[in-house]
Structures are given as C-alpha cells and as structure tokens.
Amino acid sequence: MATQEKVDLFKDNKKEYAATAKPALVEIWPAVYLSVSGQGAPGGDAFSAAIGALYGVAFTVKMARKFAGKQDYTVSKLEALWPGMNWDSAMSDKEQWTWQLMIRTPKFVTQKDLSQAVQTLLKRGSEKGAGAQRVELLSLNEGLCVQALHVGAYENEGKTMATMRAFAGKQGLRLAGAHHEIYLSDPRRVEASKLRTILRAPVRKAEK
Amino acid sequence: MRTITLDDYKRRMLRVLVHIQQHLDDPMPLGELAGVACFSAYHFHRVFKGMVGESVAEYVRRLRLERAATQLKLGSASVIDIALAAGYDSHEAFTRSFKTAFGAAPSQFRLARQMELAEAPSGIHFQKPITVRFRTLHRGGSMKVEIKQLQPMRVAFMRHVGPYDEVGKTWDQFLTVMGKDGYLAGNPTMLGVCHDDPDVTPPVKVRYDACLTVDEEFQPSGEIGVATVAGGAYAMTTHTGPYNEVGRTYSEFLGQWMPRSGYELGNAPCFEVYVNHPESTPPEELLTDIYAPLQERAKGARE
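Each protein sequence line maps, in turn, to chains A and B. According to our numbering, the first sequence is numbered sequentially starting from 1. According to our numbering, the second sequence is numbered sequentially starting from 1.
No wet-lab data here; the hints were simulated from the structure. You may find that some hints are simply not true.
Going by beta-carbon spacing under 7 Å, a handful of chain A positions derived as facing chain B [unchecked claim]: (1) GLY56; (2) PHE59; (3) THR60; (4) MET63; (5) ALA64; (6) LYS70; (7) THR74; (8) PHE108; (9) LYS112; (10) THR120; (11) LEU121; (12) LYS128.
Yeah, the Cβ is synthetic: ideal placement off N, Cα and C, and Gly gets one too.
Kindly produce the complete structure, drawing on both the sequences and the hints.
Structure representation (structure tokens):
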C-alpha cells in the first residue's frame, strides 16, 4: 500500500475545534465516535473505568487496522456529552450525572473493526473484555452550535455556559440538546486553573 | 557504615582524570576507566560528562591536541609527526581539528609567539599543573528528585540497535504489534531501557529496548521478547521537553545531583518512562521520568 499521510481529525477539522473565550457560532459536520455511556461522578470509579475501556478499544482498533496495512490515524482527544445537565442545580449530586464519553474516529472505522477489537480484548481477560463490550460506534450530527473555550476548573463551566446561552439568545437562538465538552488538557498533568476545555451546544431557533 | 559524599566522588574522579593523563596514548576501555575509581561501568560516561563537563573522548582528544600545540610551540618535530603522535592518521584531519580548537592551522600556530589556550570546563590542560575544577553543582543540587522503591516489572520489549533519535520507528512497530493484540488496553507503562550511552557508543551500535508492561500470561514471539525490569531503590527525576534533549538531564542527574546525594549508582541500566504521548503532545511539553538504580548498601549507609 502506498504510504498515505496519517489522518488527524483534530487538525483536519480545525474549524470545528477552534474556540476562544468569546462564544461563536460554528457549523459542525456529521461525525463518528467510539463511545461509552454511564452514570457517576466525574473522576469516580465508573467514570475512570469507562475512560480505560474507551481508550483500550480505540488503540486496539487503530493498531489492528495499522497492522493490516490500512490507513493510519491519530487517536483523537477525549470528548463527552452531558445529557440532562441542570446547570441551576448542577453541583448538587454528581453521582446522578450521566455522560457519554467519546473519542472521535475516522468514518472508515466500521462496526466490524469494533467487533474484532472487542473479541481481541475478551482474550485479554474478563475485565478488559467486559469494558470493551460497552463501547459502541456513535454518529452525531450536531449542525449549528454555539461554542466557546473554557479555561479553568471543570466546576466553573457554568459561567462559560451562561455566556454561551446569552450569546445564543442575542442571535434569536436557544441551546437545545446535550452539551458537548472537548478536553484539550490532561487533568492529571495540568493544574485545574489552566485546564482548557471546548464547550459546545447545539442551537435551535428560539420560539417567540 | 560511611556516607558517600561529594568529596568521595571528586576524589575518585580525580583518580580517573590522572589515569587518563598518564595513559594518553593507550587505548582506554570503559571497564578499566570505571574500575580505576570503582564507578559502575553502566553509568561511568554520564557521570564523567556530568562532573567534568566533557565526554571521555572529548577530554582525551583535547589533551592530545593541547600536547601537540605545546610540541609545535616548543619543539622542532614535523607537523605530520606531531599529528601522528596526537592520534591522527593524516595531516588534513589533524589540521581540521587543530584549527577548530586553536583557530589557526598548526604551521601558523607554530609561528605565533604566544599560545592562547581556550579554558576547558574542568580546568585541566596538558602542560599546566593540575588544579581540577569540577562543574559547579548548583543546578544538579536544585534538581527535583524522588527516591522510589519499585516492584519488579514484567515487560514485553522490542530491541532497537541504531541511532537513539530513531527509536521512534521501533516504538511505532512495537506498539502496532502489541496494540493489535489488545496489549495497549489497561493503561500499561511505556518504558525505554538504553544499554549504551548515546554520547559515547557509536550511533549505529546503540542498544535500546522499547518496553511495555505485560501480565504473566504474555508470551514472547517473533521479534518481541520478555524481560524483567529489576525492582528496588531508584532515584527518579522528570525531563520536560523534546526526547532529543534528554541527554542533558541525564548529565545533570547522574553527574551533578548523584555525587552530592549520598547515594551510589547501582550496576544496572537506567530506564525512562514516557508519561505522555508524542502524537498528541507538543515536544516542549513531553515528560520523561528517568529512573537511576541505587545500590542498596549505599542507601542503608545514608539512613
């Protein structure tokens, strides 16, 4: 096979991952993700196990394809949807939070690639196998979104979301559906006040 | 038991420096040099460079050149004879090195009345009485180092023989083969074990093992072997920045921090742990934890 450039979705879709502190409207194209959903406090056991399972599958899929001489790509950054987040009482009970962790994946990755990776991981032990079985391929079509860069602790995201909501309102739009977070920093290595996170929320026309 | 002090290190290194000076025309195998002062052969070159400020080879080359310069200035031997005595096999090669060191060709130099030597970091020059100046130790002294007790680690590895800068290719191949079989799941540790010092061993011969922690069930196959990274006491410091600058941190760590730490290096290779991934991290933010094995006895002596 001819050597092709490695696909890097983060670089190839620069416009979708460009964000500043000032909210902006961005058109998001349909995208495919490897994904695990669950419930529990961020950083808790269920959350960490889900991240482990997701990365385990993401790397197994990537390397199996690469070994077979198929198109190589970079494993993208971690993202998450937070459905049902109530920002007014968001800080109340984190154990009740639900999330859908995601790693964006090229569209040439198929259900068959995923199934094979799960089979491989089942051979690596019951724990890895069970985690892998929870991973699914997910297509999202978010369309028009308002997006901003949040710098600082995750706990303070409400403020940035409020400026996004106000910005949308001025355009005659309202936030609709689960908001989406894209983690640019590694929370194990970056201090909380410097964490960079893209916040994204789909918008609809506001009813008069 | 006695504590190992910075003075011990200095005294021992001085023995090595004198030995080299007395045997400037002899081959100097690593084991012999390290043995002169009871240094671990594994780490000798890095300790030397860290303390003295130049590698053994650079040190020998410079002393030979300085001797040649003295002979040019004071003696009447022909340039080619002086070149041969300095270990060069041609007039051209000697002239090139000489010009780099002294800024003039040997024949021009001979004409000049005054020899102006560049000051070496160690303060040792061929024709001067020895007053050794080891590098100041403030940088190594402020280095952030942790002492860790490690459990033995079972690792799968793929060996790379060749320039250190090219280990990335071996990693790529290794991670592909391991990854396709699911061995990247479960957040395994990525380690590098370098069996040679890239500053000393010719690049084509540098041996490096790309390693990934695996469980007891993993079986070696093909190009992938299994080894155990020894447990025990290690000193650990973190290098922040591109992989190709890791040598500088080694030099500070083993040559500056270690001699004043009260610890003695063990006779096993250092290893590196790659904390973040080069694919998704800008080079200046890459983190490499460097682990240096410690002698148990020396550790006991300190406590």
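Comparing the hints with the structure gives:
| no. | hint | verdict |
| --- | --- | --- |
| 1 | GLY56 | holds, 3 Å |
| 2 | PHE59 | holds, 4 Å |
| 3 | THR60 | holds, 5 Å |
| 4 | MET63 | holds, 3 Å |
| 5 | ALA64 | holds, 4 Å |
| 6 | LYS70 | violated, 11 Å |
| 7 | THR74 | holds, 5 Å |
| 8 | PHE108 | violated, 17 Å |
| 9 | LYS112 | violated, 15 Å |
| 10 | THR120 | holds, 4 Å |
| 11 | LEU121 | holds, 5 Å |
| 12 | LYS128 | holds, 5 Å |
When each numbered hint is compared with the structure, violations occur for hints 6, 8 and 9.
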